[in-house]
Amino acid sequence: MLNIIVNPYASNGKGEKLLLKVQQQLLSAHAEYRIFRTHEKGGAKKFAQALTESGETKIVAFGGDGTLNEVLCGLKDPSVCELGLIPAGTGNDFAESALIPYGQKALDCILRGEAKYTDYLQFSDGNRSINIAGFGIDVDILERCEVKGSNKRNKYFRSLLASVFGYKGVKLNVELNGEEKEYLALIAAVCNGKQFGGGIPFCPAAKLDDGKMDLVVVEFPKRSKYWGELFRLMRGKLLTRPITRHVLCEKVSLIPSEPCRAQYDGELREIERMDVEIVSGKLKMFRGETPKKQR
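Residue numbering for the sequence shown follows the working numbering, starting at 118 and increasing by one per position.
Among the hints, a few may not be true.
[What the hints assert, rightly or not] Label-pair distances were calculated between CB atoms; the ranges are:
| id | residue 1 | residue 2 | range |
| --- | --- | --- | --- |
| 1 | Lys-163 | Lys-134 | 21 to 29 Å |
| 2 | Tyr-234 | Pro-321 | 19 to 27 Å |
| 3 | Lys-285 | Ala-148 | 20 to 28 Å |
| 4 | Ser-241 | Arg-151 | 31 to 39 Å |
| 5 | Glu-367 | Leu-137 | 42 to 50 Å |
| 6 | Ile-372 | Glu-260 | 16 to 24 Å |
| 7 | Lys-163 | Arg-340 | 41 to 49 Å |
| 8 | Tyr-150 | Ser-341 | 52 to 60 Å |
| 9 | Glu-260 | Gly-295 | 32 to 40 Å |
| 10 | Ala-148 | Arg-275 | 41 to 49 Å |
[To be verified] Pairs of lysine to any residue residues, derived as SDA-like cross-links and limited to a Cα-Cα distance of at most 20 Å, are as follows:
| id | residue 1 | residue 2 |
| --- | --- | --- |
| 11 | Lys-162 | Ser-241 |
| 12 | Lys-285 | Glu-260 |
| 13 | Lys-354 | Trp-344 |
| 14 | Lys-288 | Glu-389 |
| 15 | Lys-368 | Glu-394 |
| 16 | Lys-193 | Ser-241 |
| 17 | Lys-368 | Ile-388 |
In case anyone wonders, no lab produced these hints; they're calculated from the structure. Keep in mind that this is a model prediction, so the values were computed, not measured. Ideal Cβ positions, reconstructed from N, Cα and C, are used throughout, including at glycine.
Model the full assembly from the supplied sequences, consistent with the hints where possible.
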């Protein structure tokens, strides 16, 4: 039985049209399924929690990165679950890393594919992330998006410009392997997936099943080099830059100098510190096959 948790507001309200096509495909395949529509923020998490507490193990998120994050956070025991994703959001960043096609084609991965072990990030406060979590200029952009007008078409771009000119960096300590170091960071994140922000290749080196997370801390650049480093960030060229610390690890703590908001797969939450470890070999997920040349 496929339990499909649907965000009907995905893709700016176009999710329902896609859902009808997916249901037709399910009927043609004679697949057993149930639909659960969310009607509030946090609804997908509640459905996932209730379903897995009742013994259901095949859970499908229908929506974007935020819906997938809520579903993942709601799983009672990810180690007994098979998680599917039908990308229907505006960004679908994790789907790109997992090689999951958009819309109806994703259903083929679930109906005909085999679920593969997929890493995820577990935080000490109970939150989880399967793509990228952290804080910095990306969170500043998301916060500005919250207060901008209703014109979604250029809201993100206007917020991006405002952050580029107005963001001053975040002070934080990084505790890793028994050592602690202080930074003034442009951005600090732990990565399982490769991209965020609707297609920004922030950490192209990340892998979904290597048992490691990618810690990326980008120090706030000198103003004379600011625009060049931002351009490299947008193109995924920052990992080898002198201002970037890129480390593979299994556990790390990121501690901002004062409480702030962080993003977990694009979902904003208040934090005082971020203690995180990678969980590998537990969660199975339906996703695409990585080409041999990328392994």
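Against the structure, the hints:
Restraint check, Lys-163 to Lys-134: a C-beta distance of roughly 25 Å satisfies the suggested window 21 to 29 Å. Separated by about 22 Å at the C-beta atoms, Tyr-234 and Pro-321 satisfy the suggested range of 19 to 27 Å. The hinted range of 20 to 28 Å is not satisfied by Lys-285 and Ala-148, whose Cβ atoms lie roughly 52 Å apart. Separation of Ser-241 from Arg-151 is about 33 Å and conforms to the stated range, judged on CB atoms against 31 to 39 Å.
Between Glu-367 and Leu-137 the beta carbons are some 43 Å apart, a value that agrees with the proposed interval 42 to 50 Å. The supplied range of 16 to 24 Å is met by Ile-372 and Glu-260, whose beta-carbon atoms lie about 20 Å from each other. At about 46 Å, the beta-carbon gap between Lys-163 and Arg-340 stays in the expected band of 41 to 49 Å. Distance hint check for Tyr-150 and Ser-341: the Cβ-Cβ separation is about 57 Å, which falls inside the suggested range of 52 to 60 Å.
Against the hinted window of 32 to 40 Å, the Cβ-Cβ separation of Glu-260 and Gly-295 comes to about 33 Å, which satisfies the hint. The hinted range of 41 to 49 Å is satisfied by Ala-148 and Arg-275, whose Cβ atoms lie roughly 43 Å apart. Between Lys-162 and Ser-241, the direct Cα distance comes to roughly 18 Å. Compliance with the 20 Å bound is thereby established for this hinted pair. For the hint linking Lys-285 to Glu-260, the alpha-carbon distance of about 15 Å falls within 20 Å, and the restraint holds.
At most 20 Å may separate the alpha-carbon atoms for a hinted pair to count; Lys-354 and Trp-344 meet this at roughly 13 Å. For the given pair, Lys-288 sits about 13 Å from Glu-389 by alpha-carbon distance, which is consistent with the 20 Å threshold. Annotation: proposed proximity of Lys-368 to Glu-394 holds, straight-line Cα distance about 4 Å (limit 20 Å). Taking the CA atoms of Lys-193 and Ser-241, the gap is about 16 Å. The hint holds against a cut of 20 Å.
In summary, the hint linking Lys-368 to Ile-388 is supported, as the alpha carbons are separated by about 18 Å, within the 20 Å threshold.
In this structure, the one hint that does not hold is number 3.
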